[in-house]
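> Let's have the full structure, built from the sequences with the hints guiding it.
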Amino acid sequence: MVKNFHYWLYVTGIISIVSMILYLYVSFSKKENEMKENIIFNKLETILIQHEKIENWLEEECQENQNIQECILLNPEKSKMLNTMLHMTINQDISYSFLVFKDENNRYRFLADGASEPARVMQKIDTDNKKVWDEAYSSVEGTLISSNKQTDGLWLTYLSPFVENNQSYMMLVTDFSISLDNKIKNTISPIKEILLYILGITIVIFVIGIFQTIMYFIARKESFTDQLTGLNNRNYLRKVIDSRFPYDKYDIAIVDIDFFKKINDQYGHDIGDIVLKDISNIFKKIIGKDDFVFRYGGEEFLFLFQKNNAEKLLKELMHRVRTHVINVNNQTIKFTISVGVNKNLHRCKHFTNMVKTADVALYNAKRSGRNKIVYYSEEINDKNQSNFQAVQSAIDENRVFCEYQAIIDTSSNSVFKYEALVRIKDTNGTTLYPNSFLEIIKDTNIYTDLTKKVIDISISKFLDLDVHRFSINLGLQDFNNPEIVNYVLKVIEKYPKLIDLMSIEVLEYDKVDDEISCIAMVKLLQDKGLKIALDDFGSGYANFSTILSYNFDFIKIDGSIIRKVIEDDKAVKMVQSILAFAQAHNIIVICEFVYSQEVYEVLKSIGVEYMQGFYLSKPSQDLERKL
Amino acid sequence: MKYLVLLFFFSSLLVSSETDKIESKIIMSMIDAVSNHRVFSVYTNSQKLKEILPAQKIVFVDDCSGADLAILEKSKIEKNCANISIITLEYDLLKKYPNSIGSFFWQKGRPNIVFIKSRLKNQNIVIDSTFDEFIEENIW
Chain A
1 MVKNFHYWLY VTGIISIVSM ILYLYVSFSK KENEMKENII FNKLETILIQ HEKIENWLEE
61 ECQENQNIQE CILLNPEKSK MLNTMLHMTI NQDISYSFLV FKDENNRYRF LADGASEPAR
121 VMQKIDTDNK KVWDEAYSSV EGTLISSNKQ TDGLWLTYLS PFVENNQSYM MLVTDFSISL
181 DNKIKNTISP IKEILLYILG ITIVIFVIGI FQTIMYFIAR KESFTDQLTG LNNRNYLRKV
241 IDSRFPYDKY DIAIVDIDFF KKINDQYGHD IGDIVLKDIS NIFKKIIGKD DFVFRYGGEE
301 FLFLFQKNNA EKLLKELMHR VRTHVINVNN QTIKFTISVG VNKNLHRCKH FTNMVKTADV
361 ALYNAKRSGR NKIVYYSEEI NDKNQSNFQA VQSAIDENRV FCEYQAIIDT SSNSVFKYEA
421 LVRIKDTNGT TLYPNSFLEI IKDTNIYTDL TKKVIDISIS KFLDLDVHRF SINLGLQDFN
481 NPEIVNYVLK VIEKYPKLID LMSIEVLEYD KVDDEISCIA MVKLLQDKGL KIALDDFGSG
541 YANFSTILSY NFDFIKIDGS IIRKVIEDDK AVKMVQSILA FAQAHNIIVI CEFVYSQEVY
601 EVLKSIGVEY MQGFYLSKPS QDLERKL
Chain B
628 MKYLVLLFFF SSLLVSSETD KIESKIIMSM IDAVSNHRVF SVYTNSQKLK EILPAQKIVF
688 VDDCSGADLA ILEKSKIEKN CANISIITLE YDLLKKYPNS IGSFFWQKGR PNIVFIKSRL
748 KNQNIVIDST FDEFIEENIW
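Same order as they appear, the protein sequences are chains A and B. Here the numbering used here is used: the first residue of the first sequence is 1, the next is one more, and so on. Here the numbering used here is used: the first residue of the second sequence is 628, the next is one more, and so on.
In case anyone wonders, no lab produced these hints; they're calculated from the structure. Don't be surprised by glycine CBs; every beta carbon is placed ideally from N, CA and C. Treat each hint with caution, since some may be false.
[Unchecked claim] Straight-line distance between alpha carbons at most 27 angstroms, and here's what the computed DSSO-like set of lysine-lysine pairs gives: (1) A:Lys-131 to B:Lys-722; (2) A:Lys-284 to A:Lys-261; (3) A:Lys-130 to B:Lys-652; (4) B:Lys-744 to A:Lys-130; (5) B:Lys-652 to A:Lys-78.
[Stated by the list, open to error] Chain B residues, not near chain A, derived (Cβ > 10 angstroms throughout): (6) Ser-651; (7) Ser-662; (8) Arg-665; (9) Lys-684; (10) Glu-700; (11) Ala-709; (12) Asn-765.
This is the structure:
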């Protein structure tokens, strides 16, 4: 608004200056004309006086002659006298002054000439505009006409007929020199030239200003546009969402291209770019006049839909994307999108919260199978919000604690190491277990904070004792989280003893987004000396293919297999196979969920050395084996 | 100052080229009137005319002996031109050249044409009727 005000001020200023200059220019032009008229009027007065003088003189000199032309033609002395009289009028401003008459053939012939070398009497003179001369000759009053400046150097010609009995018998012709016109112009011209000069400079400044303004708007447009997709970018989003934005009239939708990384990996980044461009074109076609779409992240887009449009347009959007096909190198690529929508912007205080809420809905869309639209539900929100807050306040108020469950080396019946298990005490003093809060806070900063807290609590528990080893649990996805990896690196650098004391058990919740980076991070920590275990082996994604990708130091067989060993021989055989495989690759095998003596005996009989379970030790805050 | 000098130079060029154009046009129409539009060999002692007249319509020759028509200015009296028709570039020359048939000259800043009736008749020259208004009985 302030900038616009400046532009308007600039434009108004320039227009005012131009108007002022034009006004002055027109005024001076008028003045010039007035001056010309005054000068001509003065000159004409002189001519008329001369005309009268000649008339009077002729009356006196030729009173005996009936025909004045004859009087002059027959008396060379009188002709000479007339020449002299006419010569008196010639000066810098009047080039020629002569008397002509019309003969019987309607040709103009000289009677007298004021020039230094006068034309011959009776000699014909061709006129530049005979019709005008004829009209002037037959009128009773003088006529002022423009002359041909380019050829004869004349400006104006005054034709003044001599009339007797309403009949012209000769005409005084007076040619004004162009120098008179130039003289008038030279008086006014410098001022007009200065005005034109100022006008020129002003126009140049104006044009430069306009050019710079256009350049500014182009640069501004570029800074607000994503170069690849041509959509608005985050800079423009920041501009749009100022305090005046009518949030109550809009819904926010966050759109994410499903498995976009796979498209990039499989077909290359160029094809990935084509997908982004294509989908952006679909977005551009579909949004209404007052809707907005922004490229919010790599493959993430943010929409601000007008309330009455959102549902219809999103359905249309899903349909178009589902039916859209990209043909590349004889291959057909189809893709889908997941959409999270927040329809209650007015309930969020800040834009960040509005987006976060839509992000939660998007997260739910992805978790529930992708390729769908999920509207954020207030009910879920309330529940999640309270859980978020519960965990956050537990961290802030130090109500996070760990219980430790021993892993037993059955060959010596001693503790091999302890597994740290996170717990939260709610405000009523009730202990909350990870299954009640971990899923909700996953992919949030609270999760990262909680992980760091567990590391801190465990370190403080075991570091000073310096006798027991312990393990902490991380999700495989956590290795894609630089904050967590850096924190682990930081603590082992600070407490080198941890390299021997601490190990990490990897829980594979989901398939990781960036497996290459994940493998690299696991290896990095192993290179630092940390031991890494694969937890819950045999369930979910934790299987042999995972072992192929990583070099785990331990594998912990999942409880779902162990619990069957007393009734299902296949489970026993499976454990034996895993043991054989692990021994061949120097991997230590731990069996969890050892809940009874029978399970313990079976596992012991097939050579399992390390076991964990309620039969051997329950989780406890103390480092004592509780049976 | 420099600007003014340049302006003066160019405007004088403009004026000069305009008068030359008119002059060329009028003299060509006079030649056409005399030659009845056939290709004519012309002798002139005016350097300016040689430059401004369109060479594709007339043939310039070096002296009057091979010319159909002479166009003469005052520079000197051309004695070899006694046997051909002459157009003078000054009114006074009409008297000096008895075989001159007409004249083109500037009078009071205005272009003027004169053909002398008796001389046209003597030389059996019939000019285009559009020039009738310029035919004079006498030389004044």
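> Compare the structure with each hint and give your call.
Verification of the supplied hints:
With a CA separation close to 31 angstroms, the supplied pair Lys-131 of chain A and Lys-722 of chain B exceeds the 27 angstroms bound. Proximity of Lys-284 of chain A to Lys-261 of chain A is assessed by CA-CA distance (about 23 angstroms); at most 27 angstroms being required, the pair is judged to hold. For the proposed pair Lys-130 of chain A and Lys-652 of chain B, the alpha carbon gap of about 19 angstroms is at most 27 angstroms, so the pair holds. Distance restraint check for Lys-744 of chain B and Lys-130 of chain A: the Cα-Cα separation of roughly 22 angstroms lies within the 27 angstroms cut-off, and the hinted pair is therefore satisfied.
Note on Lys-652 of chain B and Lys-78 of chain A: the hinted pairing is violated, with a Cα-Cα distance of about 39 angstroms set against a maximum of 27 angstroms. The beta carbon of Ser-651 of chain B is kept farther than 10 angstroms from every beta carbon of chain A, the shortest such distance being approximately 13 angstroms. Once the 10 angstroms rule is applied to beta carbons, Ser-662 of chain B is consistent with being away from chain A; the minimum gap is 22 angstroms. The Cβ of Arg-665 of chain B sits about 27 angstroms from the closest Cβ of chain A, beyond the 10 angstroms cut-off, so the non-interface label holds.
Consistency note on Lys-684 of chain B: stated as away from chain A, and its beta-carbon is indeed over 10 angstroms from all of that chain's, at 22 angstroms minimum. The claim that Glu-700 of chain B is not at the interface with chain A holds, since no C-beta of that chain comes within 10 angstroms of its own (minimum 17 angstroms). Separation of Ala-709 of chain B from chain A is adequate, the least Cβ-Cβ distance of about 25 angstroms exceeding the 10 angstroms criterion. Non-interface status of Asn-765 of chain B relative to chain A is broken: a Cβ of that chain comes within 10 angstroms, the nearest being about 8 angstroms off.
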